[in-house]
Amino acid sequence: MSLLHLRSLIVGDAQADRVVPPSGFTAQLTLFVSGAMAFLAVFALALSMASGRLADRWAEELARAATLRISAPLEQRQAQTDAALAILQQTPGVASARALSREEQAALLAPWFGGELPLDSLPVPQLIEVIADTPGYDETGLRLRLQAEVPGAVLDDHTRWREPLVDAAQTLRRLAWVSILLIGGATAAMITLAANAALAANAQVIEVLRLVGALDTYIAQAFVRRFTLRAFVGATVGMGFGIIGVWLMPEASREGGFLTGLGLQGWGWLAPLAIPVLGALVAFVATSRAANKRLGDLA
Amino acid sequence: MIELENVGYNYGGGELLTDVSVQLAPGSFHFLTGPSGAGKTTLLKLCYGALTPTMGRVRAFNMDVKGLDRDQMAYLRRRVGVVHQDCRFLDHLSILENIALPLTVSGRDIGQEEANLQELLSWVGLSDRAHATPPELSGGERQRAALARSVILSPDVIIADEPTGNVDWEMSQRLLQLLVELNHMGKTILVATHDLSLIRAAKKQVQARVLRISNRQLQQAGADL
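So the protein lines, in turn, are chains R and W.
Throughout, the numbering used here is defined as the position within the first sequence, counted from one, plus 887.
Throughout, the numbering used here is defined as the position within the second sequence, counted from one, plus 12.
Hints in this document: simulated from the structure, not taken from any laboratory.
Only a predicted model underlies this, so the values are computations on that prediction, with no experimental measurement involved.
Check each hint, because a few of them may be wrong.
Said to hold, decoys possible - Subject to a maximum C-alpha distance of 20 Å in a straight line, what follows is the list of computed DMTMM-like cross-link-like pairs (lysine to aspartate or glutamate):
#, chain 1, residue 1, chain 2, residue 2
1, W, Lys78, W, Glu27
2, W, Lys57, R, Glu1094
3, R, Lys1180, W, Asp83
4, W, Lys78, R, Glu1003
5, R, Lys1180, W, Asp81
6, W, Lys57, W, Asp83
7, W, Lys215, W, Glu174
8, W, Lys57, W, Glu174
Stated by the list, open to error - Residues of chain R clear of chain W, computed beta-carbon distances all greater than 12 Å:
#, residue
9, Val907
10, Gly1071
11, Ala1161
For each residue, glycine too, the CB sits at the ideal point set by N, CA and C.
Take these sequences, add in the hints, and give me the full structure.
Quick look at the structure:
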């Protein structure tokens, strides 16, 4: 499409705009569909961005942290803990290692056993938090050394439960993008139907325009411009409501967990601005195809 | 200007026109007659490219109509003014806008053509009806408006399909007068009609050739008309 073509599509021509009669049903359908789809697209976009952030954060945080569990008889536990800490301090790639205090361990168990847990009367293993450096430590080597020198130590690098979580977040992000694509496809389908209905309802107008020498591009543009602008306006309104909806969602908090972090952040708030433009583009392509096909059939 | 060579047209249900040959020379005036259903409208549509012949060849302005693409066809229609019996207006536009429609679709600025439009409205006697919509006009007024629309781009050929079909005798004489004036301006005129009195009246004013469709073929009508 030439720049002149694009300009005439945006600026329009008052005379040409009057040639096609305004049609209420298809106008309302296009406005409603593009508005509703833009509203949904904002949420899908927010979900996609939030799940992406979550996947990255989980992957990064969990990849750096590991837990060493000392399951030894009570009388050997402190000695094995000290030995394990000594090994960890000597291991290249380990940034820090510290044994969790009794209070910290009690706090970890509190959600299941309550706050008054008598930790001394239970065979609770000692936990050591290991934070890896970049690029990390030799995990196999560390396991072998611990096995030899600290028989009660078990190294858990969180892989077992980290991977499903990261996978879940990434799947959620992919699903959100699939939703956006489906929203775009559904919008295109609905606008194509509306455009076809408008073209069929105006078959006589098209006949008259051809009779007086109108080019098919002129006739098509009269319909395409109308549908593109309607889709843009509808999508802008829908996007506005969608942004308000996302803005009204609770902010991310540790207590609220995943569901409170579904909003947009930083530059992400500008991303929905692309939705009306994309909506108009979808309407432009859908209506152009419908108009060209219809005019070809009528030729 | 427009030439049909051994043209045949088949609607699918049988031959409507067979081996039709005719030449519309520049500045000539033709009447096309024949009984209802004989194929007068089909022949007119073949002349301005609304239909494609199933046999033979139609040439307009030295171009084979069959080989024209959609854009070329639109440019052809700007050179051929067409008046339908049912006029075919856009009912949501005023008569002035309808008459100016060929200008609008060809990208001309209506504001700059205001004087020409007023002159044309005056010529067809519709100056006081410029802002009425088509449904508000009488049959005769609609025919005159359709004629005005057909000549706004100053086409070389004017084709009219039963232009006096829905009007009284006085109005049909008025329309004939307008067509004769256009012919005197050098325009080629082709009028399909079954109104023999109109043809007789025209022959007193212009040298008109009368063609008759009979038994799917085109014949030169006799001097009895």
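We went through each hint and held it up to the structure:
no., hint, result
1, W:Lys78 <-> W:Glu27, "holds, 19 Å"
2, W:Lys57 <-> R:Glu1094, "holds, 13 Å"
3, R:Lys1180 <-> W:Asp83, "holds, 15 Å"
4, W:Lys78 <-> R:Glu1003, "violated, 95 Å"
5, R:Lys1180 <-> W:Asp81, "holds, 15 Å"
6, W:Lys57 <-> W:Asp83, "holds, 17 Å"
7, W:Lys215 <-> W:Glu174, "holds, 17 Å"
8, W:Lys57 <-> W:Glu174, "holds, 13 Å"
9, Val907, "violated, 9 Å"
10, Gly1071, "holds, 30 Å"
11, Ala1161, "holds, 33 Å"
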